Amino acid sequence: MNSTKLNKMFVDNVALPSIGIAVCLLLWCFLSWATWDSSTSSSDFPSPITTWNESAKYFASPFSHNDAEGFDGIGLEIWRSLKLVGMGYGMAILAAVPIGFLLGGSYRFARMFDPIFQILRPISPLAWFPLAGLIVIAIRRHNKEVDATQLQCIFTIAMCSIWPTILNTAVGVRAIPQDYLNVAKVLRLSSFKLFSRILLPATIPYMFTGFRLSLGIAWLVIVAAEMLSGKSGIGAFVNNQYQSGTYGPMIAAVIVIGLVGFVLDRLMNVIEKNSTWILSCPSLVMRLMQKMRSQTSAAFSTTESVPTLHHKETSDATA
Amino acid sequence: MPLLELRNVSKGYGKGQTRTEVLRDMNLSVEDGEFVAIVGYSGTGKTTLISALAGLKTPDSGQVLMRGETVKQPGPDRGVVFQNYSLLPWLTVLENIRFAVEQALPNLFYAEQTAHCQKYIEMVKLSHAADKKPSNLSGGMRQRVSLARTLATQPKVLLMDEPLSALDALTRATLQNEIISIWERDRRTVVLITNDVDEAILMAERVIPLVPSDREGATLGEPFVVDIDRPRTRESVRHHPAYKPLKKAIVQLLLNARRNSLENPSHVSNLVAVSYP
Numbered sequence: 003m004n005s006t007k008l009n010k011m012f013v014d015n016v017a018l019p020s021i022g023i024a025v026c027l028l029l030w031c032f033l034s035w036a037t038w039d040s041s042t043s044s045s046d047f048p049s050p051i052t053t054w055n056e057s058a059k060y061f062a063s064p065f066s067h068n069d070a071e072g073f074d075g076i077g078l079e080i081w082r083s084l085k086l087v088g089m090g091y092g093m094a095i096l097a098a099v100p101i102g103f104l105l106g107g108s109y110r111f112a113r114m115f116d117p118i119f120q121i122l123r124p125i126s127p128l129a130w131f132p133l134a135g136l137i138v139i140a141i142r143r144h145n146k147e148v149d150a151t152q153l154q155c156i157f158t159i160a161m162c163s164i165w166p167t168i169l170n171t172a173v174g175v176r177a178i179p180q181d182y183l184n185v186a187k188v189l190r191l192s193s194f195k196l197f198s199r200i201l202l203p204a205t206i207p208y209m210f211t212g213f214r215l216s217l218g219i220a221w222l223v224i225v226a227a228e229m230l231s232g233k234s235g236i237g238a239f240v241n242n243q244y245q246s247g248t249y250g251p252m253i254a255a256v257i258v259i260g261l262v263g264f265v266l267d268r269l270m271n272v273i274e275k276n277s278t279w280i281l282s283c284p285s286l287v288m289r290l291m292q293k294m295r296s297q298t299s300a301a302f303s304t305t306e307s308v309p310t311l312h313h314k315e316t317s318d319a320t321a
Numbered sequence: 029m030p031l032l033e034l035r036n037v038s039k040g041y042g043k044g045q046t047r048t049e050v051l052r053d054m055n056l057s058v059e060d061g062e063f064v065a066i067v068g069y070s071g072t073g074k075t076t077l078i079s080a081l082a083g084l085k086t087p088d089s090g091q092v093l094m095r096g097e098t099v100k101q102p103g104p105d106r107g108v109v110f111q112n113y114s115l116l117p118w119l120t121v122l123e124n125i126r127f128a129v130e131q132a133l134p135n136l137f138y139a140e141q142t143a144h145c146q147k148y149i150e151m152v153k154l155s156h157a158a159d160k161k162p163s164n165l166s167g168g169m170r171q172r173v174s175l176a177r178t179l180a181t182q183p184k185v186l187l188m189d190e191p192l193s194a195l196d197a198l199t200r201a202t203l204q205n206e207i208i209s210i211w212e213r214d215r216r217t218v219v220l221i222t223n224d225v226d227e228a229i230l231m232a233e234r235v236i237p238l239v240p241s242d243r244e245g246a247t248l249g250e251p252f253v254v255d256i257d258r259p260r261t262r263e264s265v266r267h268h269p270a271y272k273p274l275k276k277a278i279v280q281l282l283l284n285a286r287r288n289s290l291e292n293p294s295h296v297s298n299l300v301a302v303s304y305p
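Read top to bottom, the protein sequences are chains H and Z.
Under the numbering used here, the residues of the first sequence are numbered 3 to 321, in order.
Under the numbering used here, the residues of the second sequence are numbered 29 to 305, in order.
If we strip away everything but chain H, and leave its shape as in the complex, we get:
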């Protein structure tokens, strides 16, 4: 019983994925075999082994600066990209949540801005990039200190990754069952309590789906933006290796981009799964506040409020 379970785990998690990877490696080998150029006795498309040999040095010292060909280590480039993604994505979701609540909660706001959002949403990051550049020029007129390229990337990421969170939050707000609102009305919740104890927790699962999709897009966009800017980051690394004709490290970097994206998605998935815990935070805070308030108010007026209730309760129980 136990060994069959272990067996199944091994097959599901190790054996079958390995077969998949092996098939892809074989296809890759076939591709490099098919593009063999006998005049230079090398493949146009490097084989897995060539790729590894050419790029091993970037992995061996991932945080090295400025090697012989003028490239930084892959780890360093990834770190630079992640920083930009973090800033752009952070800006995006901070703006997206309130906008999403307005869009989902207010009929007039939705009528005003929904068409615009629908038009802005499909705009490619490649088109946002020059637009972001204009804003950066304007900012740099006032403050020369800022790094123009980085800022341009951040704006582009923010503009592209904001939409899934806005739209999912709005869907979440619209999907709140009327029943919850009826409960809120019967209990006469204040609007702050309505928001923090009902609207927010009811929307959080949708919001987290939005966060996950937004992060995926942010990671897609950073590569494109860095390729356009060509200065730093993993996207620039890919582009520059391509331009200088060293295809092995380029392919390795593309694979790393995929891996990092996968890890980010898994991370967000874990956070999304645990959002129930996260969403209990506001109620914990509220409870703490309530506890403190009841203690302070009790210190002043114990004789008035509480005993009457006790009296009522005992009469309830004995009746």
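If you're looking for bench data, these hints aren't it; they were derived computationally from the structure.
Mixed in with the good hints, there may be bad ones.
No farther apart than 30 Å at their CA atoms in a straight line, the calculated lysine-lysine pairs in the DSS-like style are these [to be verified]:
| id | chain 1 | residue 1 | chain 2 | residue 2 |
| --- | --- | --- | --- | --- |
| 1 | H | LYS233 | H | LYS10 |
| 2 | H | LYS187 | Z | LYS275 |
| 3 | Z | LYS161 | H | LYS187 |
| 4 | H | LYS187 | Z | LYS147 |
| 5 | H | LYS195 | Z | LYS147 |
| 6 | Z | LYS100 | Z | LYS160 |
| 7 | H | LYS187 | Z | LYS153 |
| 8 | Z | LYS100 | H | LYS195 |
| 9 | Z | LYS184 | H | LYS195 |
| 10 | H | LYS187 | Z | LYS276 |
| 11 | Z | LYS100 | Z | LYS184 |
| 12 | H | LYS59 | H | LYS195 |
| 13 | H | LYS195 | Z | LYS275 |
If you want the ones that stay clear, here's a sample from chain H, every Cβ over 10 Å from chain Z, calculated [said to hold, decoys possible]:
| id | residue |
| --- | --- |
| 14 | PHE47 |
| 15 | GLU56 |
| 16 | TYR109 |
| 17 | MET229 |
| 18 | LEU266 |
| 19 | ILE273 |
Here are the computed distance ranges between Cβ atoms for each label pair [unchecked claim]:
| id | chain 1 | residue 1 | chain 2 | residue 2 | range |
| --- | --- | --- | --- | --- | --- |
| 20 | Z | ASP196 | H | PHE197 | 43 to 49 Å |
| 21 | H | GLY77 | Z | ALA194 | 39 to 45 Å |
| 22 | Z | ASP196 | H | ASN9 | 27 to 33 Å |
| 23 | Z | ASN205 | H | ARG190 | 31 to 37 Å |
All values reported here derive from a predicted model rather than from experimental measurement.
We treat Cβ as the ideally placed atom computed from N, Cα and C, and that holds for glycine.
With chain H's structure known, arrange chain Z on it following the hints.
Chain Z only, in chain H's frame:
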């Protein structure tokens, strides 16, 4: 003075040609400590009626009065047990009830709140499930939580909107017994809306038929007084000499009303009335 009163309440939805009247000229007075059941077909405005009583919907004309004062908005003095439980899925049973108690009885200490909630959880026999989420409970258990939540806020009147209609027959019977025994101890004012005549006779002191009408909106018929001693059990009610004639009379009245409304559809006259309001 009656605790809860409807005076000539009418309510409809829509405008112009598409307007449908749901409630027409309803009068009702519920005394303090009374258990009133309103029986009617599905789709005859039962939920609209309870929403009007709760203050969730304002009538188009007429008044809803609570202790002689017009009801303008819902409040914890009129606790509603909703048909679909309306529990918050991210809170446990205890937290769901505490959420309501915090709001309705804000002067309790934290520990007192817990004790208060636990008393009502015990009353509906759910102490073993106090820390479970609603998604891990059966329909009957969820409705118990909903009942406990409403009872725990100590409302003056309990409004129940078909609370048991989504449950299977056995669970339904158990919960009916529990509600009866809670009421017989507690004597809180209850307005129960149901589509089950047996349930109404079993539980209530007065049964009021909700008489349907095709386009003009439903109205309340003459009340039937259920003169069966308490404590009631299923058997004692079934075998009581008053039970059979009472049930027959109520069912007959509802059936006749339905037949009349189908045979004499008032579309034409109603359309004229709508065009020239």
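Violated hints - listed by number, lowest first: Violated: hints 1, 2, 6, 10, 12, 13, 20, 21 and 22.
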